[in-house]
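For the sequence shown, the positions run 10 to 542 when the working numbering is used.
None of these hints come from the bench; they were simulated from the model.
Hints are supplied without guarantee of correctness; some may be wrong.
Pair ranges (Cβ atoms, derived) [as the list claims (entries may be wrong)]:
no.	residue 1	residue 2	range
1	R477	R304	28 to 38 Å
2	T509	R371	47 to 57 Å
3	G51	S392	13 to 23 Å
4	G193	G51	36 to 46 Å
5	A421	D491	29 to 39 Å
6	Y393	E542	39 to 49 Å
7	R169	R477	38 to 48 Å
8	R371	G417	43 to 53 Å
9	R470	D139	42 to 52 Å
10	G30	F456	40 to 50 Å
11	E28	T509	36 to 46 Å
12	D491	Y378	50 to 60 Å
13	A298	R67	26 to 36 Å
14	R534	F456	49 to 59 Å
Note that the Cβ used here is the ideal one computed from N, Cα and C, for glycine as well.
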Amino acid sequence: MSAPQPPRPTHRSTSSGIEVGTVYGPAETSDLDPAADLGEPGQPPFTRGIHPDGYRGRPWTMRQYAGFGSADETNARFRYLLASGQTGLSVAFDLPTQIGYDSDDLMAVGEVGRVGVPIDSVADMEILLDGIALDRVSTSMTINATAAILLVLYETVGRRRGVDPRQLRGTIQNDILKEYVARGTYIFPPGPSMRLVTDTFAYCRTELPAFNTISISGYHMREAGATAVQEVAFTIADAIAYAEAALAAGLAFDEFAPRLSFFFAAHNDLLEEVAKFRVARRVWARTAAERFGARDPRSMAMRFHVQTGGSTLTAQQPDVNVVRTTVQAMAAILGGAQSLHTNALDEALGLPTPATARLALRTQQVLAYESGLVAPVDPLGGSYFLERLGAEMEERVWDELRQIDERGGTLAAIAEGHQQRAIAEAAYAFQQAVERDEQVVIGVNAFTDADQAEQRPAPQRIDAAAERRQIERTRAIRDGRDAGRAAAACAALATAASGTENVLPRIRACVEADVTLGEVAGVLRAAWGEHRE
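Let's have the full structure, built from the sequences with the hints guiding it.
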């Protein structure tokens, strides 16, 4: 019996449809201006990174996204990861928390603690952060529609512990536009949602100046099927919309822009991903300077987090996912990311177990301390292929941005379905390529094993009683609080939401009165309505 013939390599073009030649040399880059395109690390347009010394001073922040079951269980996972060498927290919230429902709401039945941690009250946040030094750990929270509420909950825990809010460091995603485009966990219509974002910018300017007020996310668009070019273009288009909204709200660009951060995916095409990150920095630097008149170099410097591509992981032969994640993490490092999350091998099956989460963290640590990747700054800079690819990607990014401007800007394009349609078409084209065997996915349409089902590890289990305990705690909070104080705080929030007052101080008063997240969201729902696609 003859062995099956292996497939031929299929990468003759990138995910963005850029044809890849056989060999690259000086002729392919002769039209590029090396000084203009490359520059120096730490200098606009930041093609080669935002720090002059790259990772030589210290490596990127190593985060592992975690949250499940209950605040108690998630706290235990955080402590485990910190003890294993993680240098920053990254919180996953369950679906009810993301869309503004308490755990005892009928809308939350069966979803409490399933894809993240449930946080209904400041008591839950205190449990989640128990024993963690908030003045020394940077915390990222992947939360959007209810980002302002979670931020104030976090701040309130810090205040109760005596931590100066000016020392609190971290990031809230707070990127509602990509929810309308690709993810769907929105609550309010776009207008009030954008107001909530800009109110957060203004609040943090004085109360939490070290906190990143937004993480403008291309990750979820890429996971929904966007190409690398679309990921960069649609992310920067969203950033433009947020900047314009903040300017309209009376903020100066150089006041809020240094606290903007970005969030990208890393997928399997190593060199396209490296080029993508360099292009994203270059395009944002030019946008900040030319479109918004930035004078502060920090406003032009794109700081970004990277997560390896969850959609690239397979349930078949899950051990191979370690290799995929390593390639993707290398792309993030070679591209100059400021922080990184590496997915665990079993995430196509369920929540990571402690062992697989630790292995994902160890992957980062090997790359940081054993691989030599961190010794030079931008080690691939000047590569004939990389620079030619970057130039072509940048041209396509600008073209995508022009198309959005021609449609009246980001909000108008979203309302028209432009970005949604483009992403859907790209996802469909990729799936067709897989099904026609034009795109090889190991274990799926090539190099399959007869015993693949037996290779799957047991997934992380969720305690079935956790939901009941969470509901009991939330109801006890309501029963034990000062009802008059809570009602007065809610009434003041309703008045602010119906007017023009910044709502975050009113949200803080609600949190301090033990008003729950679902109740705060309910007040805002009553004032602003709900979005229906």
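These are the hints, each one checked on the structure:
no., hint, verdict
1, R477 x R304: 28 to 38 Å, "violated (56 Å)"
2, T509 x R371: 47 to 57 Å, "holds (50 Å)"
3, G51 x S392: 13 to 23 Å, "holds (20 Å)"
4, G193 x G51: 36 to 46 Å, "holds (38 Å)"
5, A421 x D491: 29 to 39 Å, "violated (46 Å)"
6, Y393 x E542: 39 to 49 Å, "holds (45 Å)"
7, R169 x R477: 38 to 48 Å, "violated (27 Å)"
8, R371 x G417: 43 to 53 Å, "holds (48 Å)"
9, R470 x D139: 42 to 52 Å, "violated (22 Å)"
10, G30 x F456: 40 to 50 Å, "violated (27 Å)"
11, E28 x T509: 36 to 46 Å, "violated (52 Å)"
12, D491 x Y378: 50 to 60 Å, "holds (52 Å)"
13, A298 x R67: 26 to 36 Å, "holds (28 Å)"
14, R534 x F456: 49 to 59 Å, "holds (50 Å)"
Violated hints, in rising order: 1, 5, 7, 9, 10, 11; the structure is consistent with all others.
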